[in-house]
Amino acid sequence: MSIIQTVRMRSAAAGAPAAGAGAGDDAVALDLRGVQKTYDTPGRPQVEAIRHLDFSIRRGELVCVVGPSGAGKTTLLRSIAGLLDLTAGEVVLDGRVVSGPPEGMAVVFQEYGRSLFPWMTVRQNIELPLKEKGIAKAERRAKIDRALEEVGLTEAGEQHPWQLSGGMQQRVAIARAIAFEPSVLLMDEPFAAVDAQTRAELEDLVRKLWKDLGVTVLFVTHDIDEAVYLGERVIVLSNRPTVLMEDVRVDLPAERDQLTTRSDPHFGELRGHVYELIQQAKRGVRPDAPAASSPQEA
Amino acid sequence: MNAARLARRAFMLLGLPLILLAFWWVASASSTSPFWPPLQTILETFPKTWTWDRIVSDVLPSLARLGIGYALAVVVGIVAGTAIGLMPRLRALSEPVLEFFRAVPPPVLVPIIALFAGYTGWLGKIVTIALGCLWPILLNTVEGVRGLEPVLNDTARSYHLSRWRRLVFVVLPGASPRIFTGARQALSIGVILMVISELFGANRGLGAAIVQFQRSFAIPQMWTGIILLGLIGVLLAALFKVVENRMLAWYVGQRQIERGE
Amino acid sequence: MTTTPTAAPPEPRAARPRTRRSGRRNDAWLGVLGVLIVLAGAELLSRTGIVNPDFLPPVTEMYASLFQLLGEGSFWESLWLTVRGWAVGLAAAMALGIVVGFVIGSSRFLREFTSSTVEFLRPIPSVALIPLVVLMFGTKPASAFLLVLYAAFWQVLVQVLYGVADVDPVARDTARSYRFGPLRVARSVIYPTALPYIMTAFRLAAAVALILEITAELVIGVPGLGRDIGIAQSSGNVPATYALVIVVGLIGVAVNLFARFVERKALWWHPSVRSEVA
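Chains as they are written, first to last, in full-length UniProt numbering: chain A, 1 to 298; chain B, 1 to 261; chain C, 1 to 278.
With the rest of the complex left out, here is chain A (with noise of 0.2 angstroms):
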């Protein structure tokens, strides 16, 4: 796999200093240093979903995470949100240390039926965390507009979620987070719930927003086409206990479309080789533990 650039495939044993990217640091929007997440209930054996994370993502960056079903992805990305609190190490969120859900952070859950008030309509669903800001108005309209455009919804604005489609539920929570200006998006497994084609839309919505808007994303998903499909970056993550397996630079054009970037031989060769790494993570492979002939788990 010598076309495969590896940016860097760290080392993550307990302890190892977590240095910073090299970036500058204006440069990072979303650092993650050392970070360890370990369930512990009273009476009960401990739950170690995150062993070790360090990485970063620049400022206008789209990222991807994937990993094999169970790898914790669910479990990060609440930590980074604040939803979680870390048994140790810090997420850093334009030079301050998260705890508790960080200003200029927005995020698009999985559940899109759910994440959005059926009490409200959909314009009002948007503007909720608008009025929170306290946006005058006439700018909250204005807002709401370029919004709903954006995600192609100006029609269905007095309308309530429930009456919309899966796929326009999701363009709602998206129009939601936008709005709001984050600067930085952090979306799980949000198209895992729609249909094949539904999904290929809205990756391409994603794809739009972020060249238009010039935020940075955090994408996470189980889907490996997707992630290549989407991605400047994706970050691997190994099974249980979770650390880095490696982190895979897409280099693959700007522009892409679901047509020609699928069927480019270098995408192909980027999915197969991320591929590659899922299956040996849920091998067990793991890059803390270099005997990899062993695996930990069935």
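Do not rely on the hints blindly, as some may be mistaken.
Label pairs and their calculated CB-CB ranges [stated by the list, open to error]:
#	chain 1	residue 1	chain 2	residue 2	range
1	C	Ala-91	B	Gly-121	36 to 42 angstroms
2	A	Arg-59	C	Lys-265	57 to 63 angstroms
3	B	Val-168	C	Val-118	34 to 40 angstroms
4	A	Glu-158	B	Trp-52	44 to 50 angstroms
Please keep in mind that the hints were generated in silico from the structure rather than gathered at the bench.
Nothing here was measured: the structure is a model prediction, and the numbers come from that model.
Note that beta-carbon positions come from the ideal geometry of N, C-alpha and C, so glycine has one too.
For chain A, the structure is supplied; the task is to place chains B and C on it using the hints.
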């Protein structure tokens, strides 16, 4: 076509009630039993019994007491229920106590409250109604607040909505279907207590009047009272439905779509 | 904003069952603590005279009175009459509600034809019938029986109607295509679907039936605990009044627990644990 459908609907809606009324009319027409006066007699007695004066002196005060007691129960029940629902410790602490108070049949409150407030004035009656209506509203609010969709909670947190915004725009609307379930149960208990609270001591009111008719063997008048009380129950239930359909329009619509209607 | 007004901090899904189990034990202790606080508080309010002990006797006195009651035959007689009245009325309402519900529910015409009447009769408060049953039966148990029956019947009927309407049309068509007879359809298709609703009906009707049984005893004077409460109160025996109210409350708790137990038993095989409809 359209006329035929309209006729069919009218038949479905009014057919059975009319049949039943006609049956009652015919069966009681020649009745000489003092307990079962002819329907005709009852209907003729109605306007004579429930004159405007009597409505002002008996019916409206009963309804006012019901309204005040019910409103108190709604306010206290929602406030306390939300607080308990949001605080797991407080909930664990209060759960068995609340279960007990909920299980006490509300009419036994009457003798207890009579000890404190006496039973001739309004206070004892209003407290009885409010206490009886409180538990279903409170416990359903607790359940509604507790059962809020966790993803909505995460969403509210990640957009760091303030405390009161979360309360007003997320927690209370999310709990509102359950709150309405409780309020509906409370309404029928409230009507029962409105009547019962008037049956002790010397009293005025709708319930007291009906029992007074019965004790003085004014049977047709008693029947008109039963009918009036029934109508009030039906009217209150209809009113409740209107309010519910307005305030829970989103919920009704969502459920219809989920059930594929 | 250090504390959040939301419920528990969202916990990881994987770890949830564990927290729940150890949490449940703590919750139980907290619940016991809550009961003790209320009892001690009531005792204190009364002993210190903040609340007139003539109206709220100390809890210890209530329990002394309660233990005294437990030794009296008449108390057990009343308890038996109350429970019997409740059970008989509830059983009759269940039987009638289920039969009428199945008959009406199985035909679209009957459903539509009766719906306006059901909607009209259901909210009529059963206490409106008190003067009528007094005229007919006086203080005989039949008075209480009719009130209980009327109040509980509508609860059962409405739930059963929902249940029968909930039958999967595909299951019904399957049964029809195998040429099941109507009785077999009722037994093997409609009944299993309606069963959870019937159990919900039982839970709701059981509570309502107890309310009306006690009401009839208290207001009309049908023999039972309700009448005893009225007598104790009017004769000024305040501790006994409270003791009897506590007994009635405990019966209510027992009825609720029993109904929930029955409901859960019937629901364990059912995919969805439903909340009551309407």
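Checking against the hints above, which ones are violated?
-> none
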